[in-house]
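Enquirer: What follows is each chain in one-letter form.
2 protein chains.
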Amino acid sequence: MAAEYISQAVVRRLPRYMRFLSELKEEGVERISSRELSDLMKVTASQIRQDLNHFGGFGQQGYGYNVSKLIEEIGRILGMDRPHNLIVIGAGNLGRALAGYGNFSKRGLFIRALFDVAPENTVTQVRNLNVYGMEALPAFLEENDIDIAVLTIPKDNVRQVAQQLYDLGIRGFWNFAHVDLALPEDAVVENVHLSESLMQLTYYMKN
Amino acid sequence: MAAEYISQAVVRRLPRYMRFLSELKEEGVERISSRELSDLMKVTASQIRQDLNHFGGFGQQGYGYNVSKLIEEIGRILGMDRPHNLIVIGAGNLGRALAGYGNFSKRGLFIRALFDVAPENTVTQVRNLNVYGMEALPAFLEENDIDIAVLTIPKDNVRQVAQQLYDLGIRGFWNFAHVDLALPEDAVVENVHLSESLMQLTYYMKN
Chain A
1 MAAEYISQAV VRRLPRYMRF LSELKEEGVE RISSRELSDL MKVTASQIRQ
51 DLNHFGGFGQ QGYGYNVSKL IEEIGRILGM DRPHNLIVIG AGNLGRALAG
101 YGNFSKRGLF IRALFDVAPE NTVTQVRNLN VYGMEALPAF LEENDIDIAV
151 LTIPKDNVRQ VAQQLYDLGI RGFWNFAHVD LALPEDAVVE NVHLSESLMQ
201 LTYYMKN
Chain B
208 MAAEYISQAV VRRLPRYMRF LSELKEEGVE RISSRELSDL MKVTASQIRQ
258 DLNHFGGFGQ QGYGYNVSKL IEEIGRILGM DRPHNLIVIG AGNLGRALAG
308 YGNFSKRGLF IRALFDVAPE NTVTQVRNLN VYGMEALPAF LEENDIDIAV
358 LTIPKDNVRQ VAQQLYDLGI RGFWNFAHVD LALPEDAVVE NVHLSESLMQ
408 LTYYMKN
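Chains A and B, in that order, are what the protein sequence lines are. Just so you know, the first sequence maps onto residues 1 to 207 in this note's numbering. Just so you know, the second sequence maps onto residues 208 to 414 in this note's numbering.
Just chain A, with the same shape it has in the complex (with noise of 0.2 Å):
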């Protein structure tokens, strides 16, 4: 529906206000202005305003936006209306700090269980989470019902890895490795390439 006109920028925009409505839900805030929206976020209130006109305008002129409905709305775009069940791929640091975020729960993000190649070496539980070994992969994800895998593995066997995943159904791949993944074009692919945004700061710092 709306959701389809919506631009790449304004999609980038989306989370950002996500967390910072979902903050004033928090703190009892029924309502908000653009005006006031605007100067917690720092973005100018005719920006808010057209984006959040993107899709239907709850704004009312001398009301405001209504806080929930807005996370709603927003959250039905953000494809979170629904609850989404993933699974950590390597049990690492990173993994392990994914696992223990409060915050993806919150929005209906549930991590399942994490899967590394050598289990032993690391720990079995992870914030009541269980590290099973790779090889329990298939029969986990044909007892659950799993569609994001997030990848925290060196980026020597990450493909590999994707792959595999995609063959037993996942579609949805969260990738921190350092490499562009290679799968099908229905394979949904985010990337978190940590160097690049690090790159990025010493970039402005230069500038």
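If you're looking for bench data, these hints aren't it; they were derived computationally from the structure. The reader is advised that the hints may include incorrect statements.
Said to hold, decoys possible - The list that follows gives simulated cross-link-like pairs (lysine-lysine, PhoX-like), each with its CA atoms no further than 20 Å apart:
no., chain 1, residue 1, chain 2, residue 2
1, A, K106, B, K362
2, B, K232, B, K362
3, B, K362, A, K42
4, B, K276, B, K313
5, A, K155, B, K313
6, A, K25, B, K362
7, A, K69, A, K25
8, A, K106, A, K25
9, A, K106, A, K69
10, B, K276, B, K232
11, B, K249, A, K155
12, B, K232, B, K249
13, A, K42, A, K25
14, A, K155, B, K232
Said to hold, decoys possible - On the chain A side, residues computed to face chain B include the following (Cβ under 8 Å):
no., residue
15, P15
16, M18
17, R35
18, L78
19, G92
20, G172
21, V192
22, T202
Said to hold, decoys possible - Not close to chain B: a few residues of chain A, all C-beta gaps over 12 Å, as computed:
no., residue
23, G28
24, A45
25, Q50
26, D51
27, N53
28, Y63
29, G64
30, E72
31, N93
32, V161
33, Q163
34, D167
35, L168
36, N191
37, Q200
Note that the Cβ used here is the ideal one computed from N, Cα and C, for glycine as well.
Starting from the structure of chain A, add chain B where the hints point.
Expert: What follows is chain B alone, placed relative to chain A:
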């Protein structure tokens, strides 16, 4: 110089060029055509020519790009023509994951120490790096030439800690806390809001 005229979109793409070119160099490749780079990076050859012509155009008809020179030039633009020294604030799983990440030092980004409010609850060393208590910060920054702080602490404390680091002379902040910092204008902040990246993934899975 030329760097001033580079658009934000190109700056966002440069680290990715850096990654592919560095891999080529490691494999012993000395020159590459925009066509070959295009196949590798899954970007059109004309996009590549356009991006790389922004700063000098090292490509020569029938010769291609000199890989080493291109790495050097992109590195210079990205502020990586000098080493950067980093400290990590927070020695939890995420801080330890970042401290153990070998790729940073390859690019002249050196993590020098970790700091934690409760170092006695964590490890005392991560990959030969010491973990200090927060009270050791002023003396450490006095004695070491640190320009970037990596913030992996909970959002409740992060603004206060960032301000303290700023007052001690730090101007570069790589922020993993789930909150925007409020620092004077000469501070450079690069945010990594992981749950926002995950929401991009769920969006593209839905649409």
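Enquirer: Determine for every hint whether it applies to the structure shown.
Expert: We went through each hint and held it up to the structure:
no. : hint              : in the structure
1   : K106(A) x K362(B) : holds (16 Å)
2   : K232(B) x K362(B) : violated (40 Å)
3   : K362(B) x K42(A)  : holds (18 Å)
4   : K276(B) x K313(B) : holds (17 Å)
5   : K155(A) x K313(B) : holds (16 Å)
6   : K25(A) x K362(B)  : holds (17 Å)
7   : K69(A) x K25(A)   : holds (11 Å)
8   : K106(A) x K25(A)  : holds (13 Å)
9   : K106(A) x K69(A)  : holds (17 Å)
10  : K276(B) x K232(B) : holds (11 Å)
11  : K249(B) x K155(A) : holds (18 Å)
12  : K232(B) x K249(B) : holds (19 Å)
13  : K42(A) x K25(A)   : holds (19 Å)
14  : K155(A) x K232(B) : holds (17 Å)
15  : P15               : holds (4 Å)
16  : M18               : holds (7 Å)
17  : R35               : violated (18 Å)
18  : L78               : holds (5 Å)
19  : G92               : holds (7 Å)
20  : G172              : holds (5 Å)
21  : V192              : holds (6 Å)
22  : T202              : holds (4 Å)
23  : G28               : holds (18 Å)
24  : A45               : holds (17 Å)
25  : Q50               : holds (19 Å)
26  : D51               : holds (14 Å)
27  : N53               : holds (19 Å)
28  : Y63               : holds (26 Å)
29  : G64               : holds (21 Å)
30  : E72               : holds (14 Å)
31  : N93               : violated (4 Å)
32  : V161              : holds (17 Å)
33  : Q163              : holds (17 Å)
34  : D167              : holds (18 Å)
35  : L168              : holds (17 Å)
36  : N191              : violated (9 Å)
37  : Q200              : violated (5 Å)
Violated hints, listed in ascending order, are 2, 17, 31, 36 and 37; each of the other numbered hints is respected by the structure.
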